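Residue numbers (the working numbering), protein chains in the order written: chain F, 1 to 289; chain H, 1001 to 1421.
Pair by pair, the computed Cβ-Cβ distance ranges are:
| hint | chain 1 | residue 1 | chain 2 | residue 2 | range |
| --- | --- | --- | --- | --- | --- |
| 1 | H | Gly1107 | F | Thr60 | 31 to 39 angstroms |
| 2 | H | Asp1409 | F | Ser15 | 54 to 62 angstroms |
| 3 | F | Ile272 | H | Gln1317 | 44 to 52 angstroms |
| 4 | F | Ile106 | H | Gln1063 | 57 to 65 angstroms |
Bear in mind the hints are in silico, worked out from the structure with no lab data behind them. Given the structure is predicted, the values throughout are model-derived calculations rather than measurements. Glycine included, each C-beta is placed from N, C-alpha and C at the ideal position.
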Amino acid sequence: MIPGNKDTRDGIVFSIPFLFVYLAFMIYPLLSGLYISFFKWDILSSANFIGFTNYKTLFTDEKFYTSLWHTFEFVLMTTPTLLVVGFLMALAVTGTSPYKGILENIFFFPYIFSMTVVSTLWAWLMQKDWGVFNQALMHINLQPVSWLTNENLAMWSVGLTTLWWTAGFNMVLFSAGIKQIPKEVYESAAIDGATYLQSVRHITIPLVRSTTVLCLILQIIASFNVFGQVYVMTGGGPHGTTRVLVQYIYETGFRYYKMGYSAAMSYILFLIILGVSVLQYALLGRKDQ
Amino acid sequence: MKKKLLVVALITVLATGMLFAQGTKEQAGSQGPLEITFWSLFTGGDGEFFDAMVKEFNASQDQIVMKNDMVKFDNYYTKLTTALAAKTAPDVVVIHQGNLLNYVPSGSLLPLDSYFDAATLNDFQAAPLDACKFDGKLYSIPFDVHPIVMYYNKDLMAAAGITKVPQSAQEIIDASLAVKKATGKWGTAIDNTTGVYKAYTLTRMFISMLAQQGGSLLTDDASAPNFNNAYGEKALVWMQDLVHKYQVNPTELDYDAAMNTFKLGDAAFYFNGVWATGTLEQQAGLNFGAAPLPPIMGGQAAWAGSHTLAIPVQKNQDPARVEAAVTFIKWMTSHGEMWAKAGHIPTRKSVAQKDAMKALPYRADYAAAAAFALPTPRTPAWEEIYGTLSDKLEYAVTKNQNPKAALADMDKTVRDIIASY
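Sequences and hints are given; from them, build the entire structure.
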């Protein structure tokens, strides 16, 4: 400690700008959202207090359930694939390949684009009649695929786009984790005759465990909040089969002006994400100690 | 001491931003022409023509400068609603006639009766003007009417030996089959799948065809659905049959794809709002015609939207700015022939008489459609009904769902939606 320096005081002073912004743009909206969820309010007229009615309505709203299910579908599709692909990418760029520098750039490159750019780009690539993908398929005499307009494929197409876009971020986290593993461990394993696969299986995977848990939690939260890609690429279609919960929240709030109902649904989503995160942390995080 | 300095520095940083934001607004009120602001939702094809009009308005006089901000259609109403709630909306806004009900009851729009003289108001066609009145008060001025119409490809019709534009349900089916047989192209292009937009065309066709039989989508007081009957079934089955029984309309066709299918000459009959005209006539080699929506189910009726111009209520309403906004609205509506280039039908009688208007191709062919344009039902639930029905019709048409089951399901859903408002 530097003499004459008061850490606590300085700490508080230096935090004030951040706390100010955090209170104004995170805590206040968060509480105000909870408050709104007990009202019937269309933004322009005055709000009517209706207690828990919004929450009660929610449990009988079929569209809420289907939208929630579509969100779960997306989470189940993307979370494992993004983790596995991110890990494989990290293995590739931390290995001994002479191309690893180029690969690292290629893998991370998509992540720098904004969601809208990525989604618009892929929506065009996957366009049924003129998209590059189908043009290529037809060129080699295959049937064109309804990437975004078939109810069984649309969500997978959005998932594929998300994989291309964000796997690079997981790669960065994993490669940081892999680089922390001491070289000696691998060397002694190699002396004992371990193959590459064996050392990945028995050294790398167990030792990046904390990174895996981190990635998993971040990824699940991100996937639960999916909205942009779906909204731009499929608009929730075909016939609402890719409408995710955040999209329904957006539509009820800002299209149909049911702000209270919309806020109530946001809080249910918040509770779900909170529950999943706590559960994960309890199950996976503790063993890590 | 140090702490105080830090706090002062922080406040200065935060405050300067606000000061500058304030400054730009203040300046406009001083010397020189009065700068008024406008938000438009016109993107793509419409946008160019609208910008040209604003430019011409600014050049035509030196009292007022109109600044136009374009907002993406998808986010327009979100932005407008929040701005209206905060009373920071621009001086003039465009609102679809069907959306007025979201803003009128809360007093967000200025009643306009006292700003327009009788002679000016009498120059407007009665139906679109009346649609902007609520409880006898006028809240916006109709800028255009844009009904759904039918475009037809003359070359494909000629190749199939069709000489008369088909009118009835059966004639459209026969002509489509003939086109398919002679050329291998699609007969109709009615979009039926969500892409960038929902399959609104299905709902627009459905509404039109119900009215053509003497029915309506909702009851007169908009309190209940009114389509779960023989009218609804006939309209739905016709749209399903084009795709499945006769296979003359592609399935999984989204809005952009339908437009492109017709543009590239791959379909003979295309149903869309008049706003497509501006885009279609720019397509080289496309030899097409336009007609009011045919009496497919017997009578004349067509879904229509209407862009209207309104003046938001401000915290401190400046009479000079309101006057300037009124001047702008008068100028814009009286130069409707420029707006008609985008395809829309102007609302002022004097505009219809202008030679410049009569000289425009296609527009004259469907101008009559304004006479049987259907007004949007007056219920705050409309947006949700419209969007939800589009999803349901999309499923019914692409999956060839049992029409009775489809209508019963739609009926129940609409009842639930209305009950939730």
